[in-house]
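*Asks:* Here are the chains, one letter per residue:
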Amino acid sequence: MTAANGTSVSIQNLSLNFGAVTVLETLNLDVANGEFIVLLGPSGCGKSTLLNCIAGLLDVSQGRIFIKGKNVTWEEPKDRGIGMVFQSYALYPQMTVEKNLSFGLRVAGTPKDEIAKRIARAAEILQIEPLLQRKPAALSGGQRQRVAIGRALVRDVDVFLFDEPLSNLDAKLRAELRVEIKLLHRKLQNTMIYVTHDQIEAMTLADRIAVMKGGVIQQLDAPQTIYNRPVNRFVAGFLGSPAMNFIDGQVAAGTAFKTGNVSIPLDRYAFDAAGNSGGPCVFGIRPEHVAFGEAANTMPFATDAAVEIVEPMGSDTLVWTKLGGHNFSFRVEAEKTLRNGEPIRIGFDPARASLFDSQSGNRM
Amino acid sequence: MHTQGRDRTALTQPADEMSKSERPNPLFRNLNAKVASIPMILTAGVVFVGGTLWTVLYSFTNSKLLPRLNFVGLDQYYRLWVTPRWLISIENLLIYGAISLVFSLVIGFLLAALLDQKIRFEDTFRTIFLYPFALSFIVTGLVWQWLLNPDFGIQHVVRGLGWESFSFDPLYNSSIVIYGISIAALWQGTGLIMCLMLAGLRGIDEDIWKAARVDGIPMWKTYLFIIIPMMRPVFITTLVIIASGIVKVYDLVVAQTSGGPGIASEVPAKYVYDYMFFAQNLGQGFAASTMMLLSVVIVIVPWAYLEFGRRK
Amino acid sequence: MSMANTNAPTIAASQDNAGPYGPKPRRVFSRRNIFLYGTLFVIAAYYLLPLYVMVVTSLKGMPEIRLGNIFSPPLEITFEPWVKAWSTACTGLNCDGLSRGFWNSVRITVPSVLLSIAIASVNGYALANWRFKGADTFFVILIVGAFIPYQVMIYPIVIILREIGLYGSLSGLVIVHSIFGMPILTLLFRNYFSSMPEELFRAARVDGAGFWGIFLRIMLPMSLPIFVVAIILQVTGIWNDFLFGVVYTRPDTYPMTVQLNNIVNSVQGVKEYNVNMAATILTGLVPLIVYFISGKLFVRGIAAGAVKG
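Chains as they are written, first to last, in this note's numbering: chain L, 2 to 365; chain E, 327 to 638; chain B, 0 to 308.
Since the hints were derived computationally from the structure, they do not count as laboratory data.
Careful: at least some of the hints might be erroneous.
[What the hints assert, rightly or not] List time: in silico SDA-like cross-link candidates among lysine to any residue, alpha-carbon distance up to 20 Å:
hint: 1; chain 1: B; residue 1: Lys23; chain 2: L; residue 2: Gln63
hint: 2; chain 1: E; residue 1: Lys444; chain 2: E; residue 2: Ile534
hint: 3; chain 1: E; residue 1: Lys444; chain 2: L; residue 2: Gly20
hint: 4; chain 1: B; residue 1: Lys132; chain 2: E; residue 2: Val375
hint: 5; chain 1: L; residue 1: Lys71; chain 2: L; residue 2: Asn29
hint: 6; chain 1: E; residue 1: Lys444; chain 2: E; residue 2: Leu456
hint: 7; chain 1: B; residue 1: Lys295; chain 2: E; residue 2: Glu448
hint: 8; chain 1: E; residue 1: Lys444; chain 2: B; residue 2: Arg30
hint: 9; chain 1: B; residue 1: Lys23; chain 2: L; residue 2: Val24
hint: 10; chain 1: L; residue 1: Lys100; chain 2: E; residue 2: Ile534
hint: 11; chain 1: E; residue 1: Lys444; chain 2: L; residue 2: Asp60
hint: 12; chain 1: L; residue 1: Lys100; chain 2: E; residue 2: Asp533
hint: 13; chain 1: E; residue 1: Lys390; chain 2: B; residue 2: Arg161
Here chain L stands alone, though its shape is the one from the complex (with noise of 0.2 Å):
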C-alpha cells in the first residue's frame, strides 16, 4: 500500500468517533490516479462523513489520509489540493459567478491573469461563459450545479470530491449532469471521490463502487462486480431495482438449496473460497435473470408459477408470483400480457445467484 505513482488518495485505518458513537470505523481505501471512486450508501453510513475527512473537514480520530503520496491528516483543507462540490451548491449568493469562482483564488493571492486564464477555462468546459456576471439566485438548479463544480475546477486540483452534488435536482437534470460529470472526468482524468446514496448514479459513473454501511465498507469493487457477486445480503439489497429475490431456506452439504417443497441445485453455483458449509441461508436471484416461458425450460432449474401481481413499469413489466412459498418476482418484456392467476413457467441460472448465510449475510 505504498502510496507510489498510481496513488492518488490513500487512506490508512481511519476511524471517526463523536464521542461514544462511532461514525467510521478502521477504514482503508485507496483511489488509483484519476480514477472515478463512489461512495454508496444509505443515509446515516459515514459515507459523507468520510468525504468530510478526506477534505479536511473533519478531524479523524485514527489513522492516515495520503493525497498525492503526503500525508495530510493534519493538513488544512485548503492545502490538501482538493476541490469540493456540495449538495446545496453553497455558492456565495451575494457574488455573480465569476466573483464566486475566483474568490478563494484571490484571497489566496493568486495573480491576475492568472485567475483570468483560469476561470476562462473552467467556464469554457462547463459552458457558464454566458453565466459569469449573474448571481446565483438567477440561475437554474443545473446552472448553479455547475458553477459549484467550475468552483473546484479553478482550484487547479488533482483530486475532485462531490459530496451528493445531484441530490438537489430533478430526474431529469440529474440524468443530464450525470452524463455531463462523466465526460467532465473523462476529459479531465482527475481522480474523483464520489458520494452517492443514488445507486444509479453509483453504477453508471464509478470505476469502482465502495458500498458503505455502518462506517464500514462492505464492497469495493467495479460496478458490475457489486451487482452480480454482492459479498454480503445488505450489499446484494442495496443495489438492484426492482430488488433482488431473497428466499429463505436450507442448503444441504454442496447439494441444493431447499424451500418449502422447492429444491433448487447448486452443483453450478460458485461457492466461495471458504466453501458450503451448508445450513439456514438465503437465496437471491436478480428478477432480470428469471427466464420465463418457454426459456425457462432450457435453465438448469425451472418450476410452475402462477402470476399474482403484473406491474407494467414502461421498458419492461414486473411479474410477482410465489416460489416456495415465498414472494417472488421477474421481469417480462413490455409487451407481454399477463392475466392474474395465469399459469407459467419460470427458471433461472443459480450460477447467476447469491447466496448468503443466514447467521452472518455473508456471501457463500
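Dock chains E and B against chain L, hints included.
*Replies:* Below, chains E and B alone, put in the same frame as chain L:
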C-alpha cells in the same frame, strides 16, 4: 406566512354555505369567528386608527387642560420646534438612536459570532448575555444610576485605586448624559440583538462554511464577505426592531436621570407625557406625539415596502 | 474555525506509517482559545457586574456603603434593607414599602395575562382557520399599530376609560395591557395555528365539530408550547411596564415598577442606597425567575415579541 391561511379560506367557506339550506344574512355567516374578532376589530379600529386620528386632529387645536376642538392650524408645531426642551429631546434621540443602532448591531453580531464558534458553555454565556433583557428599563436605569454614581460608583472606586483625577460621571454631566443612558440601554438590549443574530447565523447553510474552508478563505473574510451579506434580511429586521425601540425610549430616562441634569437628557416620549399630564398643555403633547408617529412612519414605510411590497 | 495553530512537522512524503496520525493535536490553551474564552469571560463579567453590585449593595449597611467601594463584598451581611424595602420604604405619603406595589402588580399581571392570551388565542385561531371578509384588513391594521408609539394613543384611551368609569382602576390597566398585547400575541397564535396540519382542521369539520369545539378540543391541546411562550412574553412585558402604570393608575394602585421608581428617585429624606438596591432586585426578581426557569422558551418568546420593542 400568509398563504396557508388563505388556502384554507377557500376550503372552509363553501362548506359553510352548503351547511345552511336557505341563504342567510351574510353578516351572520361565520358568526363565531366574527364574535371572536370583536376585540381585535375594536382595538384596530377604535384605538389604533381612531385614537391615532384623534390625536393627530387635536394636535391642530389649542387644547390645554381638556381637549377642545379649537383649531389653531400649525401653531402647536411651530411652538414645538422653537421650544429648547423639544430640540434637546430630538438631539438626544438622534444621538441615542445612532449609538443604539451602531453599537447594538456591532456588539450583538460580535457576541453572536463568538457564541457561534462551537464553544463550550454556549448556553451559559447566552443566558448571561440575555438576562438583562428580562429586566425592566426602570430596574436597568436604577442599577446604572447606582453604578455611575460619582460619589460611590465606578468613579469613586477608580479614584480609590489612586487615580485621583479620574472622572466618569456621565449622569451628572449635561454634555455627556445621553451617552450614560446609552450605556445602560446597550447593557439591557444587546442580548436580544445577539439572539436574533445567532438565529441568523445558525440559519446559514453549513456547506457555505465548508466551501469557504476548502477555498482557503480566512474566517474573518468569510464573515465579512460571505456571511454578513447573506444575513441582510436579519440585519434589516433587527434594524427595524432597534429603531422602533429607540423612538419609545422613556422609562430608562425617567429612572436614570428624570431628564436631568436640568433638561439635558430629555427625550420626546417624556416630553409628550409631561405636557399631557403635568404641564396641562394637551395640544403640545399631541403635536409632539404626532411628530413621534411621523418619525416611525419614516422608518417603517421604506422597510415595509422593501419587505412586503416587492414580494407582491 | 480554521485556526488551531499547530506546528505540523514536515514529513518526508510518500512514506507509509509515518507522519501525522489521528486527530490534529489541539492545545487547550491555543491563541485562539485564549482569545475566544478570554473575550467571552470579560464580556460575561461586564454583563454580570450590575447584578452583582445590586446584590452586594443590598446586603450592606449604609455606613459600610459610605466607606467602602461598591464592588467589595459585604463585610457584615444584613437583610434589613430587604425588609425595609419590602415593608416600610416610603413613597410620598405611603410608608408600607414595595409590598403594596408587588401585590398591585400581581393583581394587574395575572388578569392581564389571562385576558390578553384568551382574546389573542381565539382571535388568532379565527384568523388562521375561519377567515371572513375584512378580517385581513383589521389584522394588518393591528400589526401596523404595534409600531405606533404608545404616546400617540395614550390620551384617547384615557378618555375611553374615563367614559366607561375605569380610569385609574386596576381593571382599566388590565384592559390597556390586553389592547397593547394584542398585536404580537395575535400574530404569534395566528402563525402557530396556520402551521398546524390543515387536514386536522378539515377532519374535525367533517366530524361535525364547530368553531369552539375545534378550538377547545383539537387546537388547545396541541398548542401548549405556544401558550407557554405567550405567558412568558406577557408576564415579563406586563410586569416590566412603567408607562401604562404611571398613566392609567393612581398612587394607591401603582404597579411595582412605578412605585420602585418613586422610592428610589424620591427627593425627600436621606438616600438609602442599600434599600434602593434591595427594592430594585425585588422588582426585577419576577421576570428574572421567569427567565431562568424558561430558558430556551424565553428566547423563542422574545424573538417573537421583539417587534413589541
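*Asks:* Hints first: check each against the structure and report whether it holds.
*Replies:* Checked hints:
1. With a C-alpha separation of about 10 Å, the suggested pairing of Lys23(B) with Gln63(L) holds against the 20 Å cut-off.
2. Note on Lys444(E) and Ile534(E): the hinted pairing holds, with a Cα-Cα distance of about 16 Å set against a maximum of 20 Å.
3. About 15 Å separates the Cα atoms of Lys444(E) and Gly20(L), which keeps this hinted pair within 20 Å; it holds.
4. Between Lys132(B) and Val375(E), the direct Cα distance comes to roughly 19 Å. Compliance with the 20 Å bound is thereby established for this hinted pair.
5. With a CA separation close to 16 Å, the supplied pair Lys71(L) and Asn29(L) stays within the 20 Å bound.
6. For the proposed pair Lys444(E) and Leu456(E), the alpha carbon gap of about 18 Å is at most 20 Å, so the pair holds.
7. Distance check on the hinted pair: Lys295(B) and Glu448(E) sit about 12 Å apart at the alpha-carbon level, within 20 Å; holds.
8. The straight-line distance between the Cα atoms of Lys444(E) and Arg30(B) is roughly 16 Å, inside the 20 Å bound, and the hint therefore holds.
9. Taken as a hint, the Lys23(B) and Val24(L) pair is honoured in the structure, with Cα atoms around 18 Å apart against an allowance of 20 Å.
10. The straight-line distance between the Cα atoms of Lys100(L) and Ile534(E) is roughly 15 Å, inside the 20 Å bound, and the hint therefore holds.
11. Distance check on the hinted pair: Lys444(E) and Asp60(L) sit about 14 Å apart at the alpha-carbon level, within 20 Å; holds.
12. For a cut-off of 20 Å, the pair hint linking Lys100(L) to Asp533(E) stands: about 18 Å separates their Cα positions.
13. Taken as a hint, the Lys390(E) and Arg161(B) pair is honoured in the structure, with Cα atoms around 18 Å apart against an allowance of 20 Å.
When held up to the earlier numbered hints, the structure conflicts with none and fits them all.
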